[in-house]
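Trainee: The lines below spell out each chain.
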Amino acid sequence: MSSSSKARRPAGLFRNLSAKIASIPMVLTALVVFVGGTAWTVVYSFTSSKLLPKANFVGLDQYERLWSTRRWLISIENLAVYGFFSMIFTLLIGFTLAALLDRKIRGEDVFRTIFLYPFALSFVVTGLAWQWILNPDLGVQNVVRSMGWESFTFNPLNDPDIVIYGILIAGLWQGTGLIMCIMLAGLRGIDQEIWKAARVDGIGTVKTYVRIVIPMMRPVFITALVLIASGIIKIYDLVVAQTNGGPGIASEVPAKYVINYMFRAQNLGQGFAASTMMLLSVVIILIPWAYLEFGGKKRG
Amino acid sequence: MKTFSKLLGSVALLGASVAHAGELEVTHWWTSGGEAAAVSEFAKAFDATGNTWVDGAIAGSGGTARPIIISRILGGDPMGATQLNHGRQAEELIEAGLMTDLTELAEAEGWTDLVNPPALLDACTYEGRIYCVPVNIHSWQWIWLSHDAFAQIDTPVPSNWNEFAAAAPKLEEAGIVPLAMGQQGWQQNGAFGVMTIAIAGLETWRKVVVDKDADAARGPEYAAVFEAAVDARTFAADSNVQDWNLATNMVITGKAGAQIMGDWAQGEFQMAGQVAGEDYTCLPGLGVNEILDTGGDAFYFPVIDDEETKKAQMALASTLISPEVQVAFNLKKGSLPVRGDVDLTAANDCMQKGLDILKAGGIMPSGDMNLTADTQTQIEDLMAEFWTSDMSAADAQERYADIIASAD
Chain A
0 MSSSSKARRP AGLFRNLSAK IASIPMVLTA LVVFVGGTAW TVVYSFTSSK LLPKANFVGL
60 DQYERLWSTR RWLISIENLA VYGFFSMIFT LLIGFTLAAL LDRKIRGEDV FRTIFLYPFA
120 LSFVVTGLAW QWILNPDLGV QNVVRSMGWE SFTFNPLNDP DIVIYGILIA GLWQGTGLIM
180 CIMLAGLRGI DQEIWKAARV DGIGTVKTYV RIVIPMMRPV FITALVLIAS GIIKIYDLVV
240 AQTNGGPGIA SEVPAKYVIN YMFRAQNLGQ GFAASTMMLL SVVIILIPWA YLEFGGKKRG
Chain B
0 MKTFSKLLGS VALLGASVAH AGELEVTHWW TSGGEAAAVS EFAKAFDATG NTWVDGAIAG
60 SGGTARPIII SRILGGDPMG ATQLNHGRQA EELIEAGLMT DLTELAEAEG WTDLVNPPAL
120 LDACTYEGRI YCVPVNIHSW QWIWLSHDAF AQIDTPVPSN WNEFAAAAPK LEEAGIVPLA
180 MGQQGWQQNG AFGVMTIAIA GLETWRKVVV DKDADAARGP EYAAVFEAAV DARTFAADSN
240 VQDWNLATNM VITGKAGAQI MGDWAQGEFQ MAGQVAGEDY TCLPGLGVNE ILDTGGDAFY
300 FPVIDDEETK KAQMALASTL ISPEVQVAFN LKKGSLPVRG DVDLTAANDC MQKGLDILKA
360 GGIMPSGDMN LTADTQTQIE DLMAEFWTSD MSAADAQERY ADIIASAD
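Chains as they are written, first to last, in numbering that gives the first Met the number 0: chain A, 0 to 299; chain B, 0 to 407.
Since the hints were derived computationally from the structure, they do not count as laboratory data.
Bear in mind that the values here come from a model prediction, so they are computed numbers and not experimental data.
A hint or two may mislead.
Below, a list of computed lysine-lysine pairs in the DSS-like style, where the Cα atoms sit at most 30 angstroms apart [what the hints assert, rightly or not]:
hint: 1; chain 1: B; residue 1: Lys169; chain 2: B; residue 2: Lys352
hint: 2; chain 1: B; residue 1: Lys331; chain 2: B; residue 2: Lys310
hint: 3; chain 1: B; residue 1: Lys309; chain 2: B; residue 2: Lys331
hint: 4; chain 1: B; residue 1: Lys254; chain 2: B; residue 2: Lys331
hint: 5; chain 1: B; residue 1: Lys211; chain 2: A; residue 2: Lys53
hint: 6; chain 1: B; residue 1: Lys211; chain 2: A; residue 2: Lys49
hint: 7; chain 1: B; residue 1: Lys206; chain 2: A; residue 2: Lys49
hint: 8; chain 1: A; residue 1: Lys49; chain 2: B; residue 2: Lys331
So these bits of chain A aren't anywhere near chain B, every CB distance computed over 10 angstroms [unchecked claim]:
hint: 9; residue: Val32
hint: 10; residue: Thr40
hint: 11; residue: Leu50
hint: 12; residue: Thr68
hint: 13; residue: Arg198
hint: 14; residue: Gly245
hint: 15; residue: Leu285
Positions of the beta carbon are idealized from the N, C-alpha and C atoms, including for glycine.
Isolated chain A (complex conformation) (with noise of 0.2 angstroms):
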């Protein structure tokens, strides 16, 4: 009996014991591996390490060498022109592709198939197939030149100006299907007889989407947010497989400045730096919204 009333009021700490012992290695692996090495490599970016760590601190030299240097002020705008173009189009496009497959249209898997399979792609591949595809000799501009337009220029990837755009091209061919999905799987939960009674009081399609589904959907944007952002902020394969930087460095990307400079500039302390920094826009960006979207109410 005092076995069961003890169950009854159990001390906080123990209570779903089991559950709690399960997931001690994650809780570990989150505490050493993640939070152990970020604030490792934080203390490091205040150091003169080159190619092995050392402990001789230096203040805020790494950071003021670091945002001196043209590349690195080049990789952030390009992080941010990609960012805020992927962004507004990767949502624009997704939900129209959910949208228009949501009017229960003829033949919807095999679209969903189609706009999805690029992201079962690696960016690896996606990058050097749109590298041919925007070759002027082999892609785009060939097609249309042997089409008889012979004036027709198309060359994004050799022009300094416009080649983060023709990155952005191939981030946004790989990504909006899966955005897609997960705007399709909210749509698929607004219930049908919102869309009678919305259709009862004489509201047009585009208005009925606009105004009722999306506000409706604003757990499964805030998904997509997610997962868009981070895509951004760790874009570095699909510029290396595409661009590799070039031509010059015009499309370099942080992702890359702190792998270029930890491992080929043999310099530790000035990656280290640097991926702090993208630890820091990361954190401006998503503490206070993280705040105001998950803080005071649980499961909102």
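Please arrange chain B on chain A, whose structure you already have, making use of the hints.
Mentor: Chain B only, in chain A's frame:
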């Protein structure tokens, strides 16, 4: 339990048999046609000693391969031996005790007397101990000219940079790219380095690169170099290739007039069956200032705690520097041997030119030996931007001087 321990035993046996005697994984980044032919000479010679060469070629240039190699050594998965450019790249790995000390072998075989120029072995030496085997001498200071291209415009093949610059507009009119240039930072940086020696001269170069004198980098000699680089950029504007060997191929096929590239380009001409002096001409130091740097490739041997592997490592080290292998390898590679005492009558016109310059003492230390990878990367970034934008000579010079000022 019994089956488990049996299993463990067999796993251990398996592990032992994988690392059996004399098998060495050798990583390198020699993957173009001429280079692959040369490296197979090493493999043949090493296999002949009863050991096995396991080829670990890493595609891409040194910039791609080096991080992979270094992270494997640091990550506790060292290969048996690896190519690196000697100089400051491996400095910290040696400091951390990750590289095998070759001093005993070197003393037994008398490397200090054999290796010419001695600077090569100095670059392998760290605090009096020897850690690498130099295998060849590579110099950047060459321009390769296509006879075919100049025949098309009825102009004699230039004998120096100024004549070439004068002929460039004519080449362009004939639809030939005057200067082939792969769009990669290290190639642009290398070409710039060559122009520095040719135009600013050795003394100014020494002040800037060895003494890190930023004022010299801001001076008029370097201004002339940057002006010439702006010209070269215009000549190379239509060169849309990436890899160096593709750029060399443009010269071989007469689509381009010239290429500034190190002597490894020679292997490509040879593979294409071209003859020096008949199909192509090479000019050391752009025909202006006949000085060669003595950079090159060297092999390092990461520390592996296994007697058999160590023996195999020593056998490889000794094979690499033996006279027969030196000749066979360097003839294929187009580079110069590190020993002064080998017979190179089979060498062609270009290699003979190089050997003569070496004998006459027209040598300088290579950039790798004086600048850290960090500084080199910064300069490469600047060059990559300079060659693909319309940055003015003055801006580029100012930023170059800033990098030199902060170099360590």
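Trainee: Tell me the numbers of any earlier hints that the structure contravenes, in ascending order.
Mentor: 8, 11, 12, 14
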